[in-house]
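Colleague: Sequence:
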Amino acid sequence: MTTQVSRFETTMERIGKWVERYIAPPLLALGNQRHFNAIRGGLIRIIPLIIVGSLPLILTNLPFSGLSEAMKPYADPLNKLYTMTFGFIGMLLSLSVGAEMARMYKLEPIMTGVISLVCFLITNAPVDLQNNTMPIGFFSASGMFSALLIAVIVAEVMRFMRDKNLTIKMPPGVPENIAASFSALIPMFVLIVFFWILRVLLGFELTVLLNKIVSPLLVMSDTWYAVLLTGLLLMGLWFVGIHGGSLTIWGALYPFLVANLAENAQAAAAGLPIPHVFTEPFLFTYGIVGGTGMTLPLVLIWWKSRSARLRQVARLELGPGIFNINEPIVFGSPIVLNPLFFIPYVFGSTTLAFVYGYVLIRLGWVTAPYIQVPWTTPLLIQPYLSTGGDWRSVIAQAVIIVITGLIWLPFAKIWERRCIAEESVMNTTEAK
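Following the numbering used here, the numbering of the sequence shown begins with -19 at its first residue and continues without gaps.
Some hints here could point you the wrong way.
Here are the in silico distance ranges between beta carbons for each label pair [as the list claims (entries may be wrong)]:
{"id": "1", "residue 1": "60", "residue 2": "185", "range": "23 to 29 Å"}
{"id": "2", "residue 1": "298", "residue 2": "136", "range": "33 to 39 Å"}
{"id": "3", "residue 1": "208", "residue 2": "86", "range": "23 to 29 Å"}
{"id": "4", "residue 1": "157", "residue 2": "283", "range": "18 to 24 Å"}
{"id": "5", "residue 1": "84", "residue 2": "145", "range": "31 to 37 Å"}
{"id": "6", "residue 1": "-6", "residue 2": "60", "range": "45 to 51 Å"}
{"id": "7", "residue 1": "221", "residue 2": "155", "range": "44 to 50 Å"}
{"id": "8", "residue 1": "109", "residue 2": "56", "range": "27 to 33 Å"}
{"id": "9", "residue 1": "199", "residue 2": "284", "range": "21 to 27 Å"}
{"id": "10", "residue 1": "280", "residue 2": "136", "range": "47 to 53 Å"}
{"id": "11", "residue 1": "84", "residue 2": "27", "range": "32 to 38 Å"}
{"id": "12", "residue 1": "405", "residue 2": "255", "range": "30 to 36 Å"}
Once the Cα atoms are required to be at most 25 Å apart in a straight line, the calculated DSS-like pairs of lysine-lysine come out as [stated by the list, open to error]:
{"id": "13", "residue 1": "-3", "residue 2": "86"}
{"id": "14", "residue 1": "149", "residue 2": "284"}
{"id": "15", "residue 1": "52", "residue 2": "144"}
Hints are computed from structural coordinates only; laboratory data are not their basis.
Keep in mind the model is a prediction, meaning the values are calculated, not measured.
The beta-carbon is built from N, C-alpha and C at its ideal position, and this holds for glycine as well.
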């Protein structure tokens, strides 16, 4: 039996090293790429606005008939609040990503963000002077990808012109804010005229073209195999000690997660079927309950363990685990780089739970999440809020916690016996 276990552990260790050698480096390189970093930073900066903008969706989709009827007279004002916040996510991203790019290049963030916003408006909302109107169709998720590209172009042009001394330089005694304004004057003129020629004179619709290019990727991101691959990458990276979330959920995938969530919110506000599964609240509803790897059951398994180390780790983890933070148990057990835990951690927990949640939603048994809530929202409350009060999603989350707990149980008990044996040897040695 011991030989079989050691062979198994050797195999798992080889797999872990393979992930560390071949999978992790390109993902780390992508995660450290400056444009991805700026885009991720810009998206993260508007999360509070997304959460506030989601509140009207909660109030207009209350699960109790009495409360729902009471809120009907306020539905129109609340939907306007949603539209002016979450519904303008594309426009707001042009500002936040532009500012993030500016910080990275040591440009003036406010000025760069404002120029990005103006160029976005020229590209997506040319004013109809006869009727004094401005189209806002691309202010929402449908304008997200053009907002990201425009912000990158603006920052790169401003950096280039600064480095080539193609800016107005003021004398040393001039206040900093005035000097920054004049320094941005020539780049601003070049960029605004460029996008004006492109959209107004030539009639080129950048956003329409980008949406056609990105559309197949959005469709692919919302499939079961994309969910499966996300789980495997996320957990494989975490297993070798690399923060998988920063490279997957909050990395290359984050624009797609936000775009899908925004379209879900639009559909819910319009009373239409919710189209997408793959969103950030979906991940935390089904696969990252108590943290990556669904490790909360380990707290119960080891709570009264005869191993002092595991018992202490379990008690340290209880508080953070309720809020989906599990570094104490991941590194304290340890789970990271522990061959025994490779199968339950990488395959049998989060990855399995992602697929489980995807299947339930596609079968129509639970509502797809369409409301952004903080990722630290405690278990059972998170699914209720993110689905607009669907109690079935709460039950579904409880079920997957039990399932993953049963998967964890035999592996946790094997590791517990080893820890007890090691501690016993140490205690005997110290006694001598």
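Colleague: Please go over all the hints and tell whether each is borne out by the structure.
Modeller: For each hint, the structure was consulted:
no. : hint                    : verdict
1   : 60 <-> 185: 23 to 29 Å  : holds (27 Å)
2   : 298 <-> 136: 33 to 39 Å : violated (48 Å)
3   : 208 <-> 86: 23 to 29 Å  : violated (41 Å)
4   : 157 <-> 283: 18 to 24 Å : violated (57 Å)
5   : 84 <-> 145: 31 to 37 Å  : violated (20 Å)
6   : -6 <-> 60: 45 to 51 Å   : violated (58 Å)
7   : 221 <-> 155: 44 to 50 Å : holds (48 Å)
8   : 109 <-> 56: 27 to 33 Å  : holds (29 Å)
9   : 199 <-> 284: 21 to 27 Å : violated (49 Å)
10  : 280 <-> 136: 47 to 53 Å : holds (52 Å)
11  : 84 <-> 27: 32 to 38 Å   : violated (19 Å)
12  : 405 <-> 255: 30 to 36 Å : violated (58 Å)
13  : -3 <-> 86               : violated (38 Å)
14  : 149 <-> 284             : violated (69 Å)
15  : 52 <-> 144              : violated (58 Å)
Checked against the numbered hints given earlier, the structure breaks hints 2, 3, 4, 5, 6, 9, 11, 12, 13, 14, 15 and satisfies all the rest.
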